[in-house]
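S.K.: The task is simple: from the sequences and hints, build the whole structure.
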Amino acid sequence: MRRHRGFSLLEAVVAIALLAVIATVTAEAFGTSAQAGMRMVLGGQARRLLEQDMEQIRSGLGVPATGAVGPLTVTVSQQAAAVPTLSPPLPLNTPSCPGCSSAVTTSGVTALTQVTITITDTADGTVLASGTTITPP
Amino acid sequence: MARSWPAGRPLRRRSGQALVAALVAAAILLFLAAGLTSLMVESGDADQSARTQVSVLGIAAGGLNITLRMLSDTVANTLTENLYQLPRATAQGEARGATSFGAAQAALTALLTNYGPLVPSAAFPETATNAGTQSGGYLGGTGTLPGPGGAYTWLAYVGIVTPPAPLPAWRDDGTNATVTVPIALLGYAWVWSPAGAYLGEMTLYSAPTTPGTLVVTYTDCPAYFTVNACTNPTAVSISLPPGEIALNDVNVAIAVHP
Numbered sequence: 146m147r148r149h150r151g152f153s154l155l156e157a158v159v160a161i162a163l164l165a166v167i168a169t170v171t172a173e174a175f176g177t178s179a180q181a182g183m184r185m186v187l188g189g190q191a192r193r194l195l196e197q198d199m200e201q202i203r204s205g206l207g208v209p210a211t212g213a214v215g216p217l218t219v220t221v222s223q224q225a226a227a228v229p230t231l232s233p234p235l236p237l238n239t240p241s242c243p244g245c246s247s248a249v250t251t252s253g254v255t256a257l258t259q260v261t262i263t264i265t266d267t268a269d270g271t272v273l274a275s276g277t278t279i280t281p282p
Numbered sequence: 454m455a456r457s458w459p460a461g462r463p464l465r466r467r468s469g470q471a472l473v474a475a476l477v478a479a480a481i482l483l484f485l486a487a488g489l490t491s492l493m494v495e496s497g498d499a500d501q502s503a504r505t506q507v508s509v510l511g512i513a514a515g516g517l518n519i520t521l522r523m524l525s526d527t528v529a530n531t532l533t534e535n536l537y538q539l540p541r542a543t544a545q546g547e548a549r550g551a552t553s554f555g556a557a558q559a560a561l562t563a564l565l566t567n568y569g570p571l572v573p574s575a576a577f578p579e580t581a582t583n584a585g586t587q588s589g590g591y592l593g594g595t596g597t598l599p600g601p602g603g604a605y606t607w608l609a610y611v612g613i614v615t616p617p618a619p620l621p622a623w624r625d626d627g628t629n630a631t632v633t634v635p636i637a638l639l640g641y642a643w644v645w646s647p648a649g650a651y652l653g654e655m656t657l658y659s660a661p662t663t664p665g666t667l668v669v670t671y672t673d674c675p676a677y678f679t680v681n682a683c684t685n686p687t688a689v690s691i692s693l694p695p696g697e698i699a700l701n702d703v704n705v706a707i708a709v710h711p
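Chains as they are written, first to last, in the working numbering: chain A, 146 to 282; chain B, 454 to 711.
Calculated directly from the structure, the hints in this document are not laboratory data.
Any given hint might turn out to be false.
If you anchor each label on the Cβ, the simulated ranges turn out as follows [what the hints assert, rightly or not]: (1) 269/A x 499/B: 18 to 26 angstroms; (2) 495/B x 200/A: 23 to 31 angstroms; (3) 668/B x 239/A: 43 to 51 angstroms.
Even glycine gets a Cβ: it sits at the ideal position worked out from N, Cα and C.
M.R.: What follows is the structure, encoded as structure tokens:
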């Protein structure tokens with residue numbers, strides 16, 4: 146009788162310990178999941194903001210300014226666009242009219258602006274989204 | 454008859470049931486935790502992927518803008534100047550002969566490639582663009598732009614093609630003669646990740662209702678005049694139409710990584 150009671154107590158302790166460990170893991174999973182959910186909400190906001198800013202630049206409506214938008218911080222940096230490599234590689238087509246030029250003008254590309262937008266979480270500085278595009282001709 | 458059980462049996466049975474119940478509960482909780490973790494990871498990946506896709510489209514638009522700038526500058530500096538050597542008879546013959554879409558395509562391609570440095574669309578591999586179904590002249594450029602995790606490679610082709618309507622026209626009012634050739638824009642940009650994985654495509658096109666124009670003007674002279682002032686253009690004007698974009702057009706093949 147005493148031996149049986151001891152065995153059942155051990156089983157109960159094991160069961161409680163097992164449940165405690167798994168419950169802790171589950172609670173942590175819930176907590177992390179909730180945090181991830183919050184991060185996804187912020188990420189979604191950052192994505193929409195980046196889309197909006199990219200569309201504004203692409204359609205020639207100007208470059209957005211650096212500043213805070215709700216819980217997010219938008220950082221905008223600008224530089225002259227780099228001249229690309231011509232593709233397919235030169236030589237390009239040579240006009241057949243006598244004396245005609247075959248020059249391709251690439252110098253105007255540097256007049257375009259390369260804009261990089263970085264969106265961070267103001268609270269902890271985590272980068273949520275970033276993108277680069279070029280202003281329209 | 455009374456049932457007889459060995460002493461202690463019911464207690465051990467109950468404790469065994471408690472352990473089994475605890476194990477079942479633990480398994481359920483474990484599955485729940487694993488499911489939550491998996492959902493969290495997959496949702497995070499999807500969210501990150503969506504944000505990267507926005508960056509990719511920005512890079513594609515950037516590549517199109519750069520190539521469009523090269524095209525418009527080349528048209529203004531080279532093609533326009535070269536077209537001042539387009540003989541009146543040639544212009545008149547091409548305009549009057551362009552009585553169908555196919556003939557209009559051939560006429561425009563001749564102008565762009567005989568008088569400009571634009572590569573005929575047929576020269577581009579069919580695997581890179583679907584421009585094989587369009588005739589015109591293209592420029593291509595490739596470069597890199599920063600994005601999440603490194604430098605992304607873009608490749609873009611932008612060209613001048615023939616819109617479905619109207620057809621080229623020759624008009625002579627007795628003082629001046631003009632050939633008017635409607636033109637449209639067509640361009641593609643593809644983007645690859647820093648690791649070389651293909652990420653997406655953007656198409657640039659002109660709305661069929663708002664074509665641009667290539668206009669060459671000649672001064673009418675008496676028939677016995679054969680000097681250049683009468684056979685060569687007195688004005689050349691090329692107006693590129695506005696462009697619109699489409700994302701990941703299923704009709705566009707994926708280009709080869711430059």
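S.K.: Against this structure, judge whether each hint is valid.
M.R.: Evaluated hints:
1. At roughly 22 angstroms, the beta-carbon separation of residue 269/A and residue 499/B lies within the given 18 to 26 angstroms, and the hint holds.
2. Against the hinted window of 23 to 31 angstroms, the Cβ-Cβ separation of residue 495/B and residue 200/A comes to about 28 angstroms, which satisfies the hint.
3. Taking the beta carbon of each, residue 668/B and residue 239/A are about 25 angstroms apart, not inside 43 to 51 angstroms as hinted.
Against the hints set out earlier in the document, a violation occurs for number 3 only.
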